[in-house]
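Asks: Sequence:
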Amino acid sequence: MSDTLSEQNSRTRATGTAVGVRALHKSYGDVEVLRGVDLDVAVGETVCVIGRSGSGKSTLLKCVNLLEPPTAGEIRLGGDLITGPGVDVDAVRTRVGMVFQHFNLFPHLSVLDNVTVAPRKVLKLDRAAAEEKGMSQLERLGLAGLAHSRPSQLSGGQQQRVAIARALAMEPEVMLFDEATSALDPELVKDVLDVMRLLAGSGMTMIAVTHEIGFAREVADRVVFMDDGRVAESGPARQTLEHPETGRLREFLARVL
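Residue numbers (the numbering used here): 12 to 268.
Honestly, the hints are just simulated from the structure, not real lab data.
Incorrect hints may have been included.
The calculated lysine-lysine pairs, modelled on DSSO-like cross-linking and capped at a C-alpha distance of 30 Å, are [stated by the list, open to error]: (1) 73 to 144; (2) 73 to 132; (3) 201 to 73; (4) 132 to 144; (5) 201 to 144; (6) 73 to 135.
Quick list of simulated restraints, FRET-style, between CB atoms [unchecked claim]: (7) 261 to 143: 47 to 57 Å; (8) 246 to 133: 20 to 30 Å; (9) 261 to 164: 44 to 54 Å; (10) 196 to 258: 15 to 25 Å; (11) 132 to 156: 17 to 27 Å; (12) 198 to 229: 18 to 28 Å; (13) 196 to 153: 15 to 25 Å; (14) 256 to 65: 15 to 25 Å; (15) 249 to 97: 35 to 45 Å.
Just so we're clear, the structure is a prediction, and the values are computed from it rather than from any experiment.
Glycine included, each C-beta is placed from N, C-alpha and C at the ideal position.
Whenever a hint applies, use it, and build me the whole structure from the sequences.
Replies: In structure tokens:
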């Protein structure tokens, strides 16, 4: 994992596969949360993961970002095995951006400092270069006018967009979204979903755990339905959501739509 970030990104594009998951298991004591998950995500693909609470969706994302070590199985990022012995976890996380339900911004830092702290500390950019990169992301997400505000001065939707800008400032190969709108008031959800639409349209590789079925139908290339720690059904988003093949997915959609 000693290659430069640009070399890793180039290799990911060359392989055509951004994330490859094979026979992934994750247990917490006697509780098995993931039970042999297989998943491939192509470069530039948007995959939405849906399912009941407790089905293993968030745990899958945390394993891809190595926030949780898998119990068994393997994960490849752009062809690189990231679950083998001696892997540089910090290096992996520079390649995978993650946005959580809660924003986790530093309250004592400005918006711009929140976005630039990781490029400065991890990528070792000087302040000027980091701030140029950070302002570019804030402008992209319509937040440039708030660069010198503190998080407490922002709405929840604005804070979540700052969290997205912070992840993008690291120029990740893959973006992971773990129920990014679930902590927001309903009127603020649209702004965050619009940002995710923008990213999907730009060709960013994305895996999004979401309960926003309409968003998944409209934006995702593919939907993955997880049930009891397994991938129970997967296919093109609109087709899978409008014509589910399994009874479990039909039952789930009947409850949430």
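Asks: All hints are to be evaluated individually against the structure, with a verdict given for each.
Replies: Taking the hints in turn, this is what the structure says about them:
1. For the given pair, residue 73 sits about 26 Å from residue 144 by alpha-carbon distance, which is consistent with the 30 Å threshold.
2. A distance of roughly 22 Å separates the Cα atoms of residue 73 and residue 132; the hinted pair therefore holds under the 30 Å criterion.
3. Taking the CA atoms of residue 201 and residue 73, the gap is about 25 Å. The hint holds against a cut of 30 Å.
4. Of the supplied pair hints, the one linking residue 132 and residue 144 holds, its CA atoms being roughly 14 Å apart against a limit of 30 Å.
5. Using a Cα cut-off of 30 Å, the hinted pair residue 201 and residue 144 holds, with the two alpha carbons roughly 25 Å apart.
6. With a C-alpha separation of about 25 Å, the suggested pairing of residue 73 with residue 135 holds against the 30 Å cut-off.
7. A C-beta distance of roughly 50 Å is found between residue 261 and residue 143, which places it inside the suggested range of 47 to 57 Å.
8. Against the hinted window of 20 to 30 Å, the Cβ-Cβ separation of residue 246 and residue 133 comes to about 37 Å, which falls outside the hint.
9. In this structure, residue 261 and residue 164 meet the distance hint of 44 to 54 Å, their C-beta atoms being roughly 45 Å apart.
10. The beta-carbon spacing between residue 196 and residue 258, approximately 34 Å, falls outside the hinted interval of 15 to 25 Å.
11. The hint said 17 to 27 Å for the Cβ distance between residue 132 and residue 156, and at roughly 26 Å that hint holds.
12. One distance hint, 18 to 28 Å for the beta-carbon pair residue 198 and residue 229, holds here, with the actual separation near 19 Å.
13. At roughly 18 Å, the beta-carbon separation of residue 196 and residue 153 lies within the given 15 to 25 Å, and the hint holds.
14. Between residue 256 and residue 65 the C-beta distance comes to about 22 Å, which sits within the given range of 15 to 25 Å.
15. At about 43 Å, the CB distance of residue 249 to residue 97 agrees with the hint of 35 to 45 Å.
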